[in-house]
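Chemist: Okay, here's what each chain looks like letter by letter:
Number of protein chains: 2
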Amino acid sequence: MKGNIFDNCKTDSKEEIFETLYQNENVIIERIISFGNVTPQGQWYDQEKDEWVLLIEGDAKLEFEDNNIVELIKGDYIHLPAHQKHRVIYTSIEPKCIWLAFYFKS
Amino acid sequence: MKGNIFDNCKTDSKEEIFETLYQNENVIIERIISFGNVTPQGQWYDQEKDEWVLLIEGDAKLEFEDNNIVELIKGDYIHLPAHQKHRVIYTSIEPKCIWLAFYFKS
Chain S
18 MKGNIFDNCK TDSKEEIFET LYQNENVIIE RIISFGNVTP QGQWYDQEKD EWVLLIEGDA
78 KLEFEDNNIV ELIKGDYIHL PAHQKHRVIY TSIEPKCIWL AFYFKS
Chain Y
18 MKGNIFDNCK TDSKEEIFET LYQNENVIIE RIISFGNVTP QGQWYDQEKD EWVLLIEGDA
78 KLEFEDNNIV ELIKGDYIHL PAHQKHRVIY TSIEPKCIWL AFYFKS
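Order-wise, the sequence lines are chains S and Y.
Each number in our numbering corresponds to the 1-based position in the first sequence with 17 added.
Each number in our numbering corresponds to the 1-based position in the second sequence with 17 added.
Certain hints may be false.
Pairs count within a copy or across copies, as identical chains cannot be separated in the list.
Each computed DSBU-like pair below joins lysine-lysine, with the alpha-carbon atoms no more than 35 Å apart [unchecked claim]: (1) LYS31 to LYS102; (2) LYS66 to LYS31; (3) LYS102 to LYS78; (4) LYS122 to LYS78.
These are computed hints drawn from the structure, not numbers from a lab.
Build the full structure now, drawing on both the sequences and the hints.
Modeler: Put into structure tokens, the structure is as follows:
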């Protein structure tokens with residue numbers, strides 16, 4: 018029922034860590050931990066749901082289809098409407114990035 | 018489009034500050050800043066929507082109808098199903114409490 022967003026952030030993996038914190042038929046709440054991970058070249062996120070994401074720790078950069086780049090620092094949040102194509106082009110390693118992502122219907 | 022959860026947290030008011038960060042017909046995303054504020058004696062939150070709330074900064078205590086008390090520290094999150102009556106019985110002043118609350122359909 019209760020959890021802590023900073024728990025179990027350490028890992029030996031080099032892969033991003035995706036963890037569902039809550040889910041029902043309408044929404045998904047997810048914690049993502051990144052440390053240098055980026056979206057592979059030529060790939061884009063193109064999501065069915067809207068996403069509202071908060072960067073709780075770390076620094077990151079998102080790229081959009083119109084070549085716009087948005088820099089995110091600790092505490093920044095952004096709304097990504099469904100099917101707004103975007104890529105993660107930078108995530109800091111120290112500190113690692115802790116993202117809280119909220120996915121929901123438009 | 019982009020904002021920061023730590024922006025404009027200072028206030029001279031003694032009232033809690035509720036700020037809608039995003040809203041559509043399905044969800045509400047809200048920042049709440051508390052500093053010693055509690056739910057008035059004898060009152061309960063009895064909400065139509067589910068709430069998933071993260072305490073980004075500060076310490077707090079929630080009370081439930083069965084007298085259970087849940088202590089929250091920085092980074093703690095909790096899911097409060099719709100109509101699960103609860104009260105806020107403590108919020109720290111220094112540091113103040115920064116809450117991120119997601120409200121959504123069950």
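Chemist: Does each hint hold? Answer for all of them.
Modeler: Comparing the hints with the structure gives:
no.	hint	result
1	LYS31 to LYS102	within (25 Å within a copy, 42 Å between copies)
2	LYS66 to LYS31	within (27 Å within a copy, 38 Å between copies)
3	LYS102 to LYS78	within (14 Å within a copy, 40 Å between copies)
4	LYS122 to LYS78	both (25 Å within a copy, 31 Å between copies)
Hint compliance for this structure: no hint is broken.
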